[in-house]
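Fit chain B to the given chain A structure using the hints.
Read off the chains here:
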Amino acid sequence: MMRSLRARLLLGLLLLVAVMTLMVGSITYRRVLGETSALFDYQLRQMALSLGDQASVLSGYPLPPQAENSDFVIQIWDIFGTRLFSPQLPFVSNAVLGYSDLTFQNQRWRVYVLANRTSVIQVAQLWSVREKLAREAAVRIVVPLLLLLALMAVAAAWIVARAMRPLKDITTQLELRDIHSLAPLAAPDLPAEVSPLVEELNRLLDRLADAFASQRAFVADAAHELRSPLTALSLQLQLLERARDEPERELATSRLRDAIERATHLVGQLLTLARNEPEGMAEAMSAVALGALAGNAVGDVQPLAQQRHIQIRLDVPAEISVQGDAEALRILVRNLLDNAVRYSPEGSVVQVRVSSAHGRPVLEVSDQGPGIAPVDRPRAFARFYRAPGVSAGGTGLGLAIVKAIAQRHTAEVSLDEVKPQGLRVEVVFPLP
Amino acid sequence: MRVLLVEDDRMIAEAVRTALEQDGHVTDWMSDGAAALAALGHSQFDIVLLDLGLPRKDGLTVLRQMRERGDATVVIIITARDDVRSRVAGLDGGADDYLVKPFDLDELAARMRAALRRSAGRGDPVIAHADIRLNPVTHEVQKAGAKVALSAKEFAVLEALLLRPGAVLSRAQLEDRLYGFGDAAESNAVEVYVHALRRKLGSDAIKTQRGAGYFVPR
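Protein chains in written order, with this note's numbering: chain A, 452 to 883; chain B, 629 to 846.
Here chain A stands alone, though its shape is the one from the complex:
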């Protein structure tokens, strides 16, 4: 299979033109041969007829001798069988009236025999002479056709090159561009066959540029966010180094441990988020029982809840299963519970409920914390978002992770308020 469109087109066109030319040439050749033959026959007959008229008049008079290489051999007999005229050539007549072919001394002849009242006239012509003349005539017509073939080849090459020009322009543009450039290709007046390709390519470039920008933003954000825990770490270490007595050392050590835990937590959250991004390496989906999963997640946050005297109520009227990544879903519920427990007042209640609405599985977590103001809700899922006025203990990634995991499961997450005070997060899964 030839790789170049241009070569393919060119070769195809040239073959077509060549075949057509050969066909036209051979047909023309045959027809010219045929027509020339008919013409010669007509000539034979005309000659015989005109000799017939003369023979009666010129009887007894020899005709002028014919040239050695003459095309025609003419023989005339009178009605008594006497040969009135004959050239040097000994010629045997078989005296069939009209046209006929005969072979004499290994040469083929075309013969016309005419009989009138006084004489029999036979005009003969060598086939080889006829064929030579006919062939010459045919060649005279076919040769220009072959010349035309060469001309058509050049024209086809030019037309193909011209038609391929937009493709070549785009190739050149691609070759010349900066390898890091994701700018769309400029391609005005594209042919209909190429423009969908270029449009699709531009759309792809656009999506790539978006993806790169969001990756860059993520890395920049992450680096910036890592600075705070690292600063805390470095400061606690310096305090440990300058501690003058045992209590100071103990305090510094315990704070250093907190700082390490915090940095570790942030890195863990970043990894979880990266893993659940659309391009992340996702685990296989399987049937997951939401109620049992929520129960596990409640167990995960129980120590923190007990520390803050917060009661977590789990309400699962009937077990419901969803198709999902069990580990990711557990992280989703754990993040929601962690937020709820962290931001709720001490001694309050956090409620987890698994139910179904219009056949769709629903998981909701409500707390009695400060909630999120309606104006801030759209931004709440952005990574590193922290509610204004909330002390910066968290990573700001909890809800971003929830959103990413939900999107992987084509589930919808929404924020709502609880009367008189609190936040309700609702995760609605697609119909099973």
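Careful, some of the hints might be misleading.
With the C-beta cut set under 7 Å, the calculated list includes, among others, these residues of chain B facing chain A [stated by the list, open to error]:
(1) D637
(2) M639
(3) A708
(4) V712
If you're looking for bench data, these hints aren't it; they were derived computationally from the structure.
No experiment lies behind these values; they were computed from the predicted model shown.
Beta carbons: idealized from backbone N, C-alpha and C, even for Gly.
For chain B alone, coordinates are given in the frame of chain A:
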């Protein structure tokens, strides 16, 4: 001296505060911009350590509003924003210095001393007055060439008085330098420290302006 630390990250704030207190400075911590402005409105600080990314009111706004209302307190910005544009905006916004996180506690202390020295129009880090020499870097005090041992609070009172010789500082002003918002000041603590200083440096070192406060004679 008395420091206002404005930082929204609890861990960083705790660490800086501990370090400053170990150096004998009184430190108040505010975690948002609005609270910092309020604190600056009703108390006198020697230096403000200001984070830029703050909730409620960001650091640059706090700085601008401080300067607009004529507050000339020394400000050092401490932030994670390390790009040139942010640094220029911070310094042009009225900051005396700019420190990028993560930073070294010793460097912070040195920059604080340098900024204070510049604001007082002095080149020499050592504050000298009559035969008393006070070194804020080493916390050493000498009287006529002989080293005098002072407690952190005594040092703070002497430093405050020596920074502006002749100026009278009231008991309340001195207490401001000794105690943060959370600390409970003992009723006669300032008198106790002044008494100790007079015993160690000579009774003429610190004079009393009756009914007004204390001063170091010119």
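Hint check:
1. D637: With a closest approach of 5 Å, the D637/B hint holds.
2. M639: With a minimum Cβ separation of about 4 Å from chain A (threshold 7 Å), the hint on M639/B holds.
3. A708: holds, 4 Å
4. V712: This interface hint is violated because 16 Å lies over the 7 Å limit.
Hint 4 from the list above is the single one not met by this structure.
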